[in-house]
Amino acid sequence: MDDEHTAEYTVPCAQCSAVDWGISDEGRFYCRSCHNVIERTREVVDLSFLKLSSRVSTIRGPRKKQAERGHVWMVCEGFQFILKNQADALLELGVSPQFKDDVLCPLWRCYLQKSRQAYTHDPVRSCKFRVRAVGSDSESASEAISCTDGESNPASTAGSNTENSGFWSGSSDTLTYLSARKKRSQSLLSMKKTLALIYLALVWSREALTLSDLLRLVNEGHIPYLNAYEQLPEEMKVTGKDSLIFIVETVPSHHAVHKEAETIIQFLQLPAFPPVSRQTLLHPALLSLRYLSDVNLPDELHPWVCRLLEHTGMMDQTLHTFDPHNHPTLPRYDLQAAALIIVTLKLFFCLDDMTEWHLSNDLGRPKDSGKVFNLRRWYKVMEAALIQAQERRDQNVSRKQWKSKKQIYPNKKEKCSMIKKKRIAEQVQLCFEKLTSCPSGLQDVGPSSFIFCWGDEEKSDGPSLHHMKLDEVVTRRCDFLTPLNDMYWHPALRRCLCYNSHYKEVEATLPRSFIWLLQLFAFMFDVKPFCLYEEVLSVERRIFDTRLYRGKSKADAGASAEAAGASPEAQASLNTRTSPRMTRTSPRTAEVSLGTRASRRKRQRSRS
Amino acid sequence: MDDFNRELEPHIDLENDSDSSEDNSSKGGKKSKFPLVKPIYGDQTQQNGFRRTTSMCRERIREAMLHHRWEEAAEYMVYYPQILEDRNLFTAQPSKEFIWRTATEIFHHHLNSTMEDYNTIYERMKHSGFRHYLMISLEHSFHLLLHQQIEDAKRHLASAESWRHGKETAAQIQNIKLIQAYRGLLDYIIWCVKKSTRSSSDYYESDSSQTMQNYFRQASVNLEEILKNPGVWDSFILRYVEMLEFYEHHKEALQVLNDYAYDSNFPPNPNAHVYLYQYLKRQGASEKRLMKVLKVLHALVPSHELMLEYSSLLLQSEKQSDTTKALGVVLEMLDFNCWGSNLEVWMRLKAVIQKLQNQVDWENIVGEKMAERKDWWFALHFTSFHATEDSKENPELFEVKASLTKILCPDRPLKYSLNGSQVKGKAETKKRKGRRY
Numbered sequence: 001m002d003d004e005h006t007a008e009y010t011v012p013c014a015q016c017s018a019v020d021w022g023i024s025d026e027g028r029f030y031c032r033s034c035h036n037v038i039e040r041t042r043e044v045v046d047l048s049f050l051k052l053s054s055r056v057s058t059i060r061g062p063r064k065k066q067a068e069r070g071h072v073w074m075v076c077e078g079f080q081f082i083l084k085n086q087a088d089a090l091l092e093l094g095v096s097p098q099f100k101d102d103v104l105c106p107l108w109r110c111y112l113q114k115s116r117q118a119y120t121h122d123p124v125r126s127c128k129f130r131v132r133a134v135g136s137d138s139e140s141a142s143e144a145i146s147c148t149d150g151e152s153n154p155a156s157t158a159g160s161n162t163e164n165s166g167f168w169s170g171s172s173d174t175l176t177y178l179s180a181r182k183k184r185s186q187s188l189l190s191m192k193k194t195l196a197l198i199y200l201a202l203v204w205s206r207e208a209l210t211l212s213d214l215l216r217l218v219n220e221g222h223i224p225y226l227n228a229y230e231q232l233p234e235e236m237k238v239t240g241k242d243s244l245i246f247i248v249e250t251v252p253s254h255h256a257v258h259k260e261a262e263t264i265i266q267f268l269q270l271p272a273f274p275p276v277s278r279q280t281l282l283h284p285a286l287l288s289l290r291y292l293s294d295v296n297l298p299d300e301l302h303p304w305v306c307r308l309l310e311h312t313g314m315m316d317q318t319l320h321t322f323d324p325h326n327h328p329t330l331p332r333y334d335l336q337a338a339a340l341i342i343v344t345l346k347l348f349f350c351l352d353d354m355t356e357w358h359l360s361n362d363l364g365r366p367k368d369s370g371k372v373f374n375l376r377r378w379y380k381v382m383e384a385a386l387i388q389a390q391e392r393r394d395q396n397v398s399r400k401q402w403k404s405k406k407q408i409y410p411n412k413k414e415k416c417s418m419i420k421k422k423r424i425a426e427q428v429q430l431c432f433e434k435l436t437s438c439p440s441g442l443q444d445v446g447p448s449s450f451i452f453c454w455g456d457e458e459k460s461d462g463p464s465l466h467h468m469k470l471d472e473v474v475t476r477r478c479d480f481l482t483p484l485n486d487m488y489w490h491p492a493l494r495r496c497l498c499y500n501s502h503y504k505e506v507e508a509t510l511p512r513s514f515i516w517l518l519q520l521f522a523f524m525f526d527v528k529p530f531c532l533y534e535e536v537l538s539v540e541r542r543i544f545d546t547r548l549y550r551g552k553s554k555a556d557a558g559a560s561a562e563a564a565g566a567s568p569e570a571q572a573s574l575n576t577r578t579s580p581r582m583t584r585t586s587p588r589t590a591e592v593s594l595g596t597r598a599s600r601r602k603r604q605r606s607r608s
Numbered sequence: 001m002d003d004f005n006r007e008l009e010p011h012i013d014l015e016n017d018s019d020s021s022e023d024n025s026s027k028g029g030k031k032s033k034f035p036l037v038k039p040i041y042g043d044q045t046q047q048n049g050f051r052r053t054t055s056m057c058r059e060r061i062r063e064a065m066l067h068h069r070w071e072e073a074a075e076y077m078v079y080y081p082q083i084l085e086d087r088n089l090f091t092a093q094p095s096k097e098f099i100w101r102t103a104t105e106i107f108h109h110h111l112n113s114t115m116e117d118y119n120t121i122y123e124r125m126k127h128s129g130f131r132h133y134l135m136i137s138l139e140h141s142f143h144l145l146l147h148q149q150i151e152d153a154k155r156h157l158a159s160a161e162s163w164r165h166g167k168e169t170a171a172q173i174q175n176i177k178l179i180q181a182y183r184g185l186l187d188y189i190i191w192c193v194k195k196s197t198r199s200s201s202d203y204y205e206s207d208s209s210q211t212m213q214n215y216f217r218q219a220s221v222n223l224e225e226i227l228k229n230p231g232v233w234d235s236f237i238l239r240y241v242e243m244l245e246f247y248e249h250h251k252e253a254l255q256v257l258n259d260y261a262y263d264s265n266f267p268p269n270p271n272a273h274v275y276l277y278q279y280l281k282r283q284g285a286s287e288k289r290l291m292k293v294l295k296v297l298h299a300l301v302p303s304h305e306l307m308l309e310y311s312s313l314l315l316q317s318e319k320q321s322d323t324t325k326a327l328g329v330v331l332e333m334l335d336f337n338c339w340g341s342n343l344e345v346w347m348r349l350k351a352v353i354q355k356l357q358n359q360v361d362w363e364n365i366v367g368e369k370m371a372e373r374k375d376w377w378f379a380l381h382f383t384s385f386h387a388t389e390d391s392k393e394n395p396e397l398f399e400v401k402a403s404l405t406k407i408l409c410p411d412r413p414l415k416y417s418l419n420g421s422q423v424k425g426k427a428e429t430k431k432r433k434g435r436r437y
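If you read the sequences in order, they're chains E and B. Using the UniProt record's numbering, the final residue of the first sequence is 608, and nothing's skipped along the way. Using the UniProt record's numbering, the final residue of the second sequence is 437, and nothing's skipped along the way.
Think of the hints as simulated: they come from the structure by calculation, not from any bench. The model shown is predicted, which means the values in this text are computed figures rather than measured ones. Where hints are given, some of them may not hold.
[To be verified] As a list, the in silico BS3-like pairs of lysine-lysine whose alpha-carbon atoms are at most 30 Å apart:
id, chain 1, residue 1, chain 2, residue 2
1, E, LYS406, E, LYS241
2, B, LYS167, E, LYS412
3, B, LYS288, B, LYS355
4, B, LYS392, B, LYS415
5, B, LYS295, B, LYS251
6, E, LYS420, E, LYS405
7, B, LYS295, B, LYS392
8, E, LYS422, B, LYS167
9, B, LYS194, B, LYS177
10, B, LYS167, E, LYS415
11, B, LYS406, B, LYS369
12, B, LYS167, E, LYS413
13, B, LYS167, E, LYS420
14, E, LYS84, E, LYS259
15, E, LYS406, E, LYS422
Throw the hints in and build the complete structure from the sequences for me.
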């Protein structure tokens, strides 16, 4: 080892004239024959470091054992372990093994390469080092500090040097991660990005797990995320500034991870994803079936959702597949499927705080009410279950233990006070645990795709309504089965130029039952209702987009009757009732006049 | 201790994701460097998962406590202490106090709590930071006192008294005074115990009297010191005076009480004058001195019960003007509703007026005093309602009051008579009867 450093130094020793140099523990040159120590130190051998930097290209490069500090390791190595653990957890939950080996692994490699962390001759850290190696005096002080890269010092002296400079971490390249410039470049990893990568791999392998499922599993602790660094191998010591990278205090939101995933796609310039066809579980046609059964809606609604899909042209698989050219956005599969269900329910029950209850009132009396779907009954069952589930979730949230047993100390100064705080917290905790004799930690819930549980078993959320018939709310018109309800409302569909959602402003004017439905699905996906609202709007835009509509043939007339509007009078009367923002659909087809008359008749009936 | 944490380095949040594409308000608002008014109840929008958990947990604890579900509150308390590990001191600091206060409250109501639990919490929280050190020490010793562990309580106070921590000591100067005061009080309590045991056994046992003397000296050092600070030290001064009296340090006792009552730095405190009066009375001071004290008390609290004694002292005096003063004192007492149906006060009023009637111009004097009261005094004391009430509850009072009506208000017909109301009542019943037939 020493030889390769001393080989270039061929000056004979001043005392004994021998050319046999060794390097002492302090990094100083000494003559092996007479033990004369000279001024020269290893620091000059910076050229050899440039060679060394190629070592970075292999992640599992040679590691030198350091006293009590474990191996020298890279941050991306740490992330690799975390990703591996996350993927293994997913495999254990039933994701197919191809997900890890054939999708996530190449994706990860591609990521490392693109972000110049590995598989490259130009690793992301070496460029920084060169600035220093050149040793230009003009470099600013701040840069000089950020250059105190663990790698820039020979490993044997890294320990003492890094501590002197106030920099202290287990991994060797933490500072690179923390320098503002690199953070801005968006190419470096964070804990959030591990989830985004996993999510992308899941979409690529067309697994039945949506993003909200993934986040729920993370939240419930089935997939390592919080304190994931605990599972790193023993030799990889996580210390010091590593805490800023590996400690998380929050599970990112649906919105954030999705955005992150889109950024990664951009960054990696991924090709088109494998098509999400009708048969894939991610496709709204099948995903909506899952959600229908989760919220206890009758199975009979599913064909109607599919009809809606066809009508809006959303059966097309290109719409659900990411493609940098044709469809350069990553769909939110879960939100989209929920939006379709909401729109279908609106078609059937209007959800204007009136029609749906009238419809349920009319249903109140028939002979076989046990078999007919009644929205009021469903609402009552669902509302109770929702409140219960909300309470359950709140309880779990307020009982979540965030702080890990294995602490990382950001610097030595804080170490003792942090240990003390930890001890105090533990003792207080212990005191109450003894008092209540309740076990700490979350109550273990088995992982499940479903949030609610319907049926007659114990612990179910209520009776199952899956088998209920929709007979009373559909009617046969011109040989087409259409919903009895022929009114439909929607908020203004024109896109606003600003990118913010206007949900907050219109929320007060929207019908309560519609908002409740939004909240139900928002709770299920753990998203803000406005995300869902935007998704509903985009489905509605597809329904009512005239340009799209003109392309359709008359064969769709039956379906279009669903979307029929009311006459101007009815519109006026309704406008006074709801907000001026809400507009009725404009009549477009021949059936409309029939629909209008019917609706007027009904309106009169309801008034009398 | 926690000095290190003081330099609150801004926490670099790599995981910062703002979910709020809808509200711009939260985006612009960077965390200010100033301490928030109530950082513990921070707004919901900027919360991360950890903050959300702790704030929800705190809400649930509060809810459970409000509804006296102590078991449930204790369960959530298991999860709350993790906030102590929060690196953000704005949330960690107030939560210490929350944990300390909530925990002791829960223990107080929880069935299974033991003294050990209390001690754990008090000790842990006391040492978790120096902000509340003295306050917690004080409360800890209160708690020990409640459980009759006087020696332990004293030990805690003694250690708290000698606690010093740089600038923090200055910030907690008030608490230090309190601790001194209570230490003195504890010495007094032990002194009392010794006294009671001594008196039961040998009176002249020099050993125990020596220890008593020691406790007295310790207590008096603290109490004397504390009484120099302006404030309300009622319960402390009483004990101090009691000890001084026991050892017959009458001069000092009088000095202490005088200072307490008349030092203008102290907040006006009627009790100070009461204590002084009581002491003087015990010592058999002259009437003149007693009256002087009561005069000041009269200015502070005209409705004080000692005003009865004051008026009797004034009555006993030879001077004519004192009788007039007595009239004023009694009338002012009666201005307060609480004395309205008190027989003794009315009797005193009658006695005063009887004595006044010996003077020539007594009608003028009474009229003068009544002039300012004529608008409302009769509604307060002399309505027909009062007449029926008084005659029912206390016939004697009724008679005294009735005898005074003419004197107090010669030129006005008063409804304060039983006959009037009875006649009226009879008339009404007649009317009703007439209507019926």
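Do the hints match the structure? See the list:
no.: 1; hint: LYS406/E with LYS241/E; verdict: holds, 15 Å
no.: 2; hint: LYS167/B with LYS412/E; verdict: holds, 25 Å
no.: 3; hint: LYS288/B with LYS355/B; verdict: holds, 20 Å
no.: 4; hint: LYS392/B with LYS415/B; verdict: holds, 16 Å
no.: 5; hint: LYS295/B with LYS251/B; verdict: holds, 23 Å
no.: 6; hint: LYS420/E with LYS405/E; verdict: holds, 13 Å
no.: 7; hint: LYS295/B with LYS392/B; verdict: violated, 36 Å
no.: 8; hint: LYS422/E with LYS167/B; verdict: holds, 26 Å
no.: 9; hint: LYS194/B with LYS177/B; verdict: holds, 26 Å
no.: 10; hint: LYS167/B with LYS415/E; verdict: holds, 24 Å
no.: 11; hint: LYS406/B with LYS369/B; verdict: holds, 15 Å
no.: 12; hint: LYS167/B with LYS413/E; verdict: holds, 22 Å
no.: 13; hint: LYS167/B with LYS420/E; verdict: holds, 22 Å
no.: 14; hint: LYS84/E with LYS259/E; verdict: holds, 22 Å
no.: 15; hint: LYS406/E with LYS422/E; verdict: holds, 10 Å
In this structure, only the earlier hint numbered 7 is contradicted, and the remaining ones agree with it.
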